[in-house]
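A.B. asks: Chain residues, written in single-letter form:
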Amino acid sequence: MVNSKSAYSFAGKKQKPDTHIIVVWVDNEAGVLARVVGLFSGRGYNIESLAVAEVDQKQNISRITIVTTGTPQVVDQIKLQLKKLVPVHKVADFKREDKNVIFKEMALFKFVANNGKLNKAFEACKNFNPVILDKTNKSNVIQITALRREIDSMSKNLKKFGLVSVSRTGAVAMTRGSEIFK
Amino acid sequence: MLKLYSGAEIVFKCLEDQNVSHIFGYPGGAVLPIYDELKNFNSIKHILVRHEQGAGHAAEGYARSTGKPGVLLVTSGPGATNAVTALTDAYMDSVPLVCITGQVPTHLIGTDAFQECDTTGITRPCTKHNWLVKDVNDLAEIMHKAFEVATTGRPGPVLVDIPKDIQFQKAKYKNYKNKKKLNGKSHDNYSQKNIDELINLISKAKKPIFYTGGGVINSGTKASELLRELVYATGFPITSTLQGLGCFPADDNQFLGMLGMHGTYEANNAMYSCDLMINVGARFDDRITGKIDEFSPKSKKVHIDIDPSSINKNVKVDLAIVGDIKSVLTTTLKTFKRSKKNFSKSNKSQISNWWEQIEKWRSKRSLDYIGSEETIKPQYAIERLYELTKDKDAYITTEVGQHQMWAAQHYKFNKPNRWMTSGGLGTMGYGLPAAVGVQIAHPKKLVIDIAGEASVLMTMQEMSTAVQYNLPIKIFILNNEYMGMVRQWQELLHDKNYSESYTAALPDFVKMAEAYGCVGIRAKTPEELDDKIIEMLNTDRPVIFDCLVDKQENCFPMIPSGKPHNQMLLGPKDQKEKKITGKGRTLV
Chain A
4 MVNSKSAYSF AGKKQKPDTH IIVVWVDNEA GVLARVVGLF SGRGYNIESL
54 AVAEVDQKQN ISRITIVTTG TPQVVDQIKL QLKKLVPVHK VADFKREDKN
104 VIFKEMALFK FVANNGKLNK AFEACKNFNP VILDKTNKSN VIQITALRRE
154 IDSMSKNLKK FGLVSVSRTG AVAMTRGSEI FK
Chain B
181 MLKLYSGAEI VFKCLEDQNV SHIFGYPGGA VLPIYDELKN FNSIKHILVR
231 HEQGAGHAAE GYARSTGKPG VLLVTSGPGA TNAVTALTDA YMDSVPLVCI
281 TGQVPTHLIG TDAFQECDTT GITRPCTKHN WLVKDVNDLA EIMHKAFEVA
331 TTGRPGPVLV DIPKDIQFQK AKYKNYKNKK KLNGKSHDNY SQKNIDELIN
381 LISKAKKPIF YTGGGVINSG TKASELLREL VYATGFPITS TLQGLGCFPA
431 DDNQFLGMLG MHGTYEANNA MYSCDLMINV GARFDDRITG KIDEFSPKSK
481 KVHIDIDPSS INKNVKVDLA IVGDIKSVLT TTLKTFKRSK KNFSKSNKSQ
531 ISNWWEQIEK WRSKRSLDYI GSEETIKPQY AIERLYELTK DKDAYITTEV
581 GQHQMWAAQH YKFNKPNRWM TSGGLGTMGY GLPAAVGVQI AHPKKLVIDI
631 AGEASVLMTM QEMSTAVQYN LPIKIFILNN EYMGMVRQWQ ELLHDKNYSE
681 SYTAALPDFV KMAEAYGCVG IRAKTPEELD DKIIEMLNTD RPVIFDCLVD
731 KQENCFPMIP SGKPHNQMLL GPKDQKEKKI TGKGRTLV
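Sequence lines, in order, name chains A and B.
Quick note: the first sequence uses the numbering used here, first residue 4, plus one each step.
Quick note: the second sequence uses the numbering used here, first residue 181, plus one each step.
Since the hints were derived computationally from the structure, they do not count as laboratory data.
The structure presented is a predicted model; accordingly, all values stated were derived computationally and were not measured.
Virtual Cβ for every residue (Gly too), placed ideally from N, Cα, C.
In silico DSS-like cross-links for lysine-lysine, where the CA-CA straight-line distance does not exceed 30 Å:
1) K480(B) - K87(A)
2) K496(B) - K19(A)
3) K517(B) - K373(B)
Distance windows between CB atoms, simulated:
4) K354(B) - V58(A): 29 to 35 Å
5) K159(A) - N677(B): 51 to 57 Å
6) I50(A) - K354(B): 39 to 45 Å
Next up, chain A with everything else stripped away, as it sits in the complex (with noise of 0.2 Å):
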């Protein structure tokens, strides 16, 4: 063993850490985002992605999905520390890898070139609900929504089409059927 100058222990052994999506309602109220990101950040937890907004404006609650890699351990910690949490009202867990859960994030591409390209930009993102938001002669920006990956290889594949600019959200999730969460 290595000989320690330290007055705390080594590291253990690490279990392998998977990617979660992590969906919190909480109350829409001053300071609550800060609250749950300062958790992360504080207590060393991953962001991938974040995104927020209200969903309930009679009673005032929003829904926070957070995409996030962790070790089950470390991802039980997170679901127990957010429901300490004073404004936070239940939490959902979600693997990516998940049949039973619709994942999405949505993307804005603004392209610059001529008819040409642009029309073979439209036609590359036909797999991913594309509309057009706005059109000029010699731009359009385009928004698709599709799986995170997705995102990633389409705004490396469509430089070659005059992509000059990439808007994209954090992953927003839904359970599949006609079950809800509780």
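Start from chain A and add chain B according to the hints.
C.D. replies: Positioned in the frame of chain A, the structure of chain B alone reads:
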């Protein structure tokens, strides 16, 4: 029509309704309206400290020795930031505190106004929850909610930040009806099946051990009584964390002493070798577990805790029981008595080998030290202090360092709420203000701060508070002129490079005591120690006791860093026998 009250009045109306009798605080610009109202509320006594950190620790001492929440009132900016250490300390050790801070008027928030700081931002990670009051109509509800959050579930500190204009504005105040205590009900999340499983494990165990912590104390004195009942009924050995001392009588034969880094040989070895570990209200802290991969490798582990996030955080357990200790132990005892009558007798043979093994470990006498007739050994000083105060139901606070561990090892606690120490955060300077808080709560009792000379200098100014309120606290300083624990680690881990751990210029503590208007006593030799301690105990005023102890003494036994429980480093007596040389020590 309901009468209108100012925000400042509402603060006190809430404190009255929460049965708060004492608040610790320090005035300043942004809380002046609240201080102005103080005169109209006679049931609430304000204790003026000398530093906001002192207010926080005093409130902690008050809370821990009574089980009631401690309340502090400080101003904006520096008042709030000075309280942060105490809030963090309370957060780590689960002490219920309600901190009320003033804030600059609403229209100045965000403008870098005089004495403005982002109080709720700064204290967000060190409180259970905090509130910035933006509307006087919300104030009462927030105040009561603050008390509820602080005292229910796993207790902890909360903060209410009140801008100065809100303190002047008026609103209605509806009388608060004390709701049914949530503590226990809404946090219990276990079933009878869990309890049956626990009893099944208990009846099968051949090498069982109870490992108890501060959660038992937080659950109230009844929880300690129930714990004792269960431990006696099972005949199992029991060890305790630093924070749990007192929930089981230390002089009882079933008690193995404290466990962990400076715990006893028998407690740590029993933890390592047991086949059933029942954790009652402790949190598998790293000072307890040592090397986690080799922590108690062969045992089934049961964890009883009110905080679900404590379960499986550091150590995976086989059976988790989430609930208030008092309620869990009540159910357990009920089931146990019904299904296992005369268990202790019938089970005796099943665990007799285990007890034999424990007695072997115990015979190592790991807390022994080499005595001296010339210098006062620090352990000896604590032993004498204990012998001379054990019939006085004393309340002991400590600072942080070697003296703290010696106090935990050699002072025997038989009741809960008698031991106030900073365990999680390890805050030097905790003990003196905490003693102030304890003495406020228990004016007739003997309150002693077992201190180190380095720690006590961090919050020494609170002696002035003690003198102002005639609090006869005793500051028992084990003075070795070193930051002893730092020096010990430098000796063991850093080749005796005593970098900055010696205090080359210390004040004369006796003269200092006189300057504060209290009494100074100094003991230099073992011979005079008893007389001096008796003199201290007979003085009905605050005393600073300067006990000059051996400068080189180290705190043993010790689990070296990164080692499991069964590889303890014993004291010099044992090391001589084993011929562990200086070289061996540096390998720790």
